[in-house]
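**Student:** Chains as they are written, first to last, in the numbering used here: chain G, 1 to 237; chain F, 1001 to 1237; chain Y, 2001 to 2237; chain Z, 3001 to 3237; chain D, 4001 to 4237; chain U, 5001 to 5237.
Keep in mind that the hints are not guaranteed to be accurate.
[As the list claims (entries may be wrong)] Going by beta-carbon spacing under 7 Å, a handful of chain Y positions derived as facing chain Z:
id, residue
1, 2138
2, 2203
3, 2204
4, 2207
5, 2208
[Stated by the list, open to error] Here are some chain U residues the structure puts well away from chain F; computed CB gaps all over 10 Å:
id, residue
6, 5064
7, 5105
8, 5218
Keep in mind that the hints were calculated from the coordinates and are not lab data. Just so you know, even glycine gets a beta-carbon here, dropped at the ideal spot from N, CA and C.
There are 6 protein chains.
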Amino acid sequence: MRNVVVTGVPRPPLDQLDELARFGVATVHEALGRIGYLGPRIRPIQQGTRIAGSAVTALCWPGDNLMIHAAVEQCGPGDVLVVSTASPCTDGLFGELLATSLAARGIRGLVMDAGVRDTAELRAMGFPIWTRHVSAQGSVKATAGAVNVPLVVGGQSVLPGSVIVADDDGVLTVPAHELPRAIEASRAREAKEQITRDVLAAGQLGLDRYGLRALLGELGVEYVPYEQYLAGERRNV
Amino acid sequence: MRNVVVTGVPRPPLDQLDELARFGVATVHEALGRIGYLGPRIRPIQQGTRIAGSAVTALCWPGDNLMIHAAVEQCGPGDVLVVSTASPCTDGLFGELLATSLAARGIRGLVMDAGVRDTAELRAMGFPIWTRHVSAQGSVKATAGAVNVPLVVGGQSVLPGSVIVADDDGVLTVPAHELPRAIEASRAREAKEQITRDVLAAGQLGLDRYGLRALLGELGVEYVPYEQYLAGERRNV
Amino acid sequence: MRNVVVTGVPRPPLDQLDELARFGVATVHEALGRIGYLGPRIRPIQQGTRIAGSAVTALCWPGDNLMIHAAVEQCGPGDVLVVSTASPCTDGLFGELLATSLAARGIRGLVMDAGVRDTAELRAMGFPIWTRHVSAQGSVKATAGAVNVPLVVGGQSVLPGSVIVADDDGVLTVPAHELPRAIEASRAREAKEQITRDVLAAGQLGLDRYGLRALLGELGVEYVPYEQYLAGERRNV
Amino acid sequence: MRNVVVTGVPRPPLDQLDELARFGVATVHEALGRIGYLGPRIRPIQQGTRIAGSAVTALCWPGDNLMIHAAVEQCGPGDVLVVSTASPCTDGLFGELLATSLAARGIRGLVMDAGVRDTAELRAMGFPIWTRHVSAQGSVKATAGAVNVPLVVGGQSVLPGSVIVADDDGVLTVPAHELPRAIEASRAREAKEQITRDVLAAGQLGLDRYGLRALLGELGVEYVPYEQYLAGERRNV
Amino acid sequence: MRNVVVTGVPRPPLDQLDELARFGVATVHEALGRIGYLGPRIRPIQQGTRIAGSAVTALCWPGDNLMIHAAVEQCGPGDVLVVSTASPCTDGLFGELLATSLAARGIRGLVMDAGVRDTAELRAMGFPIWTRHVSAQGSVKATAGAVNVPLVVGGQSVLPGSVIVADDDGVLTVPAHELPRAIEASRAREAKEQITRDVLAAGQLGLDRYGLRALLGELGVEYVPYEQYLAGERRNV
Amino acid sequence: MRNVVVTGVPRPPLDQLDELARFGVATVHEALGRIGYLGPRIRPIQQGTRIAGSAVTALCWPGDNLMIHAAVEQCGPGDVLVVSTASPCTDGLFGELLATSLAARGIRGLVMDAGVRDTAELRAMGFPIWTRHVSAQGSVKATAGAVNVPLVVGGQSVLPGSVIVADDDGVLTVPAHELPRAIEASRAREAKEQITRDVLAAGQLGLDRYGLRALLGELGVEYVPYEQYLAGERRNV
């Protein structure tokens, strides 16, 4: 690990981030061909919040939040702070005081690959957080790390300045240069989904709408009446 | 795995399902002698919902939801769709569009042994879901599986046409022919628990009500005053 | 395991417990030098509740809640029941009837290192619970254990008569003789945090307030402009 | 759970079991269309052992091995004892003394969905074991369970009298009436694999042998030279 | 956590440790009434080694092995070093160089609640290790901890100067003042087990030897012939 | 995920790979400043093997090994195949037939972030494997993925053409342009460790050799005699 704080990372335009924030994680993920989802273990501590922002990254030593303090200075309006550790860590590296600092700088939220604490206060503040763990265990400030270097979180590479989208389904990272395409493709997908939704609500089946009946036949799936199936199975009891 | 869609699975009477739905999972589980609980890992995405329905089952390949589409056609009013995968899978095989389809057919909920997505929308729709994972990661439709075959979910065999009961404590499967007994036994247990509740609220101890004092004695449990116990323990520090 | 029920465990004064209950788990944990946190796996089933009480402990055999019944009799106003098992167990050893008993005796809550059930009813009752698992699976009453002996829960030794603090961040055990110091140190910490909070909200950085800039320098952390960093990294793709 | 000991379970012929034992778990699993694999968590405590036998099943309460003792009496030459618990359990429910009993009755091995102990002695005895856990923690004999009822182990239903195959890849259950087909299909698969092995060893690619080149094309997989790919990716750093 | 190095911890007599080392973990655990087993997650990196020694304890910060170096100085012949961390950690806090130091001082082995590395070299040296993780990830030396304070490892309190027994079944801690009783009780248990082993090898059943037939009857366990059981079950398919 | 097979990835010189293979994972990891370790969950199925090679990467859909077949064609002498899946997967995507193909092409080993099967045969062949899971469950060939794109395995980004080092401590990825420095730094570290080893074997303490005594003092670590410490602790029982 090179111990650096990278400064001056370019950000995507705020209005484009705001535009993308209207769409959910699942929609953007699909629209872009399924890249960058941080997986099912990074979960929100609140319900019903949806954000988009520009990633500022911090890589900490386990049990140590020194580099989060260094990262705060690199954060500005529209940013989302993304924190990981050099090896797995459950400790509460982030709490209400750091959130106060971030909120004062216009930061939109935190993605934490370790733990957070003061969760009641954080919810009361309305500061949105997605985290792997909740833990009251605090940290030291003794070992160097890095700020605004590429991280790996939840099986994905997260680049500084990339776009973060987060909601109740989890967290997504989108390459910055894909932001315009993400907006356009999400808009198109949403429109298409609205039509599909109406059709499905009216009773058409996905089997027919997506042309899956033929596929089932090609794959050799047979339709068998219950009594006939049961007769075969009873031999196995 | 035989690649079949079993049709015409018989359902338990809707009024009996409605009757059973009044009781909680823990009550029915106890009333029937502790069979069929799908374990502590299948959790609701909503709070305070209690349902009962008839199981339609779908067995998918990991990362593939083709058979869920085939299963929708086999679903009708009062059913609960139960989905498992051929090996462990965290992906979001089910989302808001499939829920729209199911809701249009009168289905009461979903039990998912993999993952779901669009959780904010699903809660907003009021479509009840119990799931092992929440994940925005989507699926393909490429590999055959089966519909309405016996599944294993959470260490239990779930048969098509069996009764599913679900609430904040998790999910239960009850053999269809046990439904009348389940209602009767749950009603009896509830009545008995109400009496016990009143007695305990009035201050009687379980030790006395359940006759456990004698058992403690038979098992050799001794009552020891604190100072005496402490004197013994201090030798160990 | 010695099969004993230890009686007459001394309790800390109720007014001091009430005083400590005003502070959160993270605050008390820090104030006392980070001792006794039961870790990130014991989680509340409710949100926004904060309690403090005196520990009554019960050690059960897996799948068996006999000793919880023995423990109830040892519980009184201001107590918190803490339950562990001789080996890991997910079963629902505690439900609404036991909560009715405890509530009738003025107990403030339950900390469970196995599972609980009837969670909807327990939330409706307003009986606060922190637990490792939620499970409808019930228990037997067949094997001896112990009441008011030291337990290990979440990597911490929990002594009978010690102070339990619990909120959305988890559960803390504090030695009884530390209670006055815990109150004083928490009060001091809260006051100091209020000042820090105001300063951070006004925009001062933790880097400056905590004197961390010098430390970053000593540890060899370099500040590198983005373009320069990128030039180095591009060699690695 | 019904508390029964089912007696007189029919066994498959010993010579057919011996015949099947020649093939590995992966081969039989494939030959039968991928049914009945007990998953990656049930692991051998020894290396290089391969067995086949007839399942005798025991369902125990967690922390309790009473029903293993009841099951021993139902075991005979060629059998494999399969043990599960009513809820997850890591305890060592089986050790060297029980293995001595089983070996004296001609039993071929143990499949344990909880824990075993005395592993050094068991390896020294040459008694083959597949288990979820190794734990020195012992058990009580206090609560009823069942013998020779269907179990669920590792996501599979295991019927008494079914065929168990086990080796370094794990454990497989095969319906008894499928045993002749399992032998025949495994033999055919082994022969086919020997030809494939020779061809692959001689350098032919699976892409060509299995006709996968065309599939890659249909699925839209493109071949891209490294420098061209790199040029695209560098935009993302 | 108080940051102390406790010196001059009294040790049990070496000849008694040697005497206890003859018995396995499971035997001593049973002989003493099932206390102090460190659970199924602390596993040996070698096979077939059995040791007993006196515990020297070290409590480290996650990712930091400073206190192991401080602990080495407190170690002498017959000791076993037991290391834990303030929160869960997978890093390799211990490797071949530290083992060289310990071996030079006559230490008998290491019990590690985090990770070790250089496992090939450690096996080649014949230095016995029980550990939760194997990881090449190294550590810093920056944060204080403690030496020879009570630790919690695997759900057990481990006191400095207590007796550690370890073999293929895991690790056990025995209070120092129990060592003579442990030897005597293990010897008695071993003798009794030898008789039981001979009887079981000769074909007597545990059901008869331990008087369990009557218990099965009292618990209501019924014996049911296979065909009769099957008739009942067939209704459920 | 872009569905591509990247061809013509440049490889590091074979003689440099051979040179690096002499050093262990832990040594190279330290020598390079602790980058690229794939973590404690990717474990060898054999013991005592150490390799280095050039990474060919394959990204598969869960339960599908189509892209491994496409990757084989891109492999040559000195390569190590590294396989990951789009979401977590335990299935046996790789077995003895694929190993036969790879061995015929001079490949040095496999790193698998899902599962392998035929482990007994693979050990017998002497084909080295590091894997997250062992599972007999086979795969389909139905869904596109990618070959020689960057993967994330065990929290690290693995680039095609990077250097893989693997032994009993796990797996390391080293950027190709760092290979000469890795060799030199590992050689230097090994030499230095030999001196340290001799000194430690002769009895010098790490406390003195690494100058840690002063650090302990600065951090406020106190040395306390046992009796004095005990007197303080006894108040807590």
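**Student:** Classify the hint on residue 2204 (chain Y) as holds or violated, based on whether any CB of chain Z lies nearer than 7 Å to its CB.
**Tutor:** violated, 34 Å
**Student:** Holds or violated: the hint that residue 2138 (chain Y) contacts chain Z, with Cβ atoms closer than 7 Å.
**Tutor:** Given a least distance of 10 Å, the restraint on residue 2138 (chain Y) is violated.
**Student:** Does the closest beta carbon of chain Z sit nearer than 7 Å to the beta carbon of residue 2208 (chain Y)?
**Tutor:** Given a least distance of 32 Å, the restraint on residue 2208 (chain Y) is violated.
**Student:** Taking 7 Å as the limit, does the beta-carbon of residue 2203 (chain Y) come near enough to a beta-carbon in chain Z?
**Tutor:** violated, 33 Å
**Student:** Taking the closest pair, is the beta carbon of residue 5105 (chain U) still more than 10 Å from chain F?
**Tutor:** holds, 29 Å
**Student:** Please confirm whether residue 5218 (chain U) is truly not at the interface, meaning its C-beta sits more than 10 Å away from all C-beta atoms of chain F.
**Tutor:** holds, 30 Å
**Student:** Is the Cβ of residue 5064 (chain U) more than 10 Å away from each Cβ in chain F?
**Tutor:** violated, 7 Å
**Student:** Take the shortest C-beta to C-beta distance between residue 2207 (chain Y) and chain Z; is it under 7 Å?
**Tutor:** Nearest chain Z Cβ about 27 Å off; hint violated.
Hint violations for this structure: numbers 1, 2, 3, 4, 5 and 6, all remaining hints satisfied.
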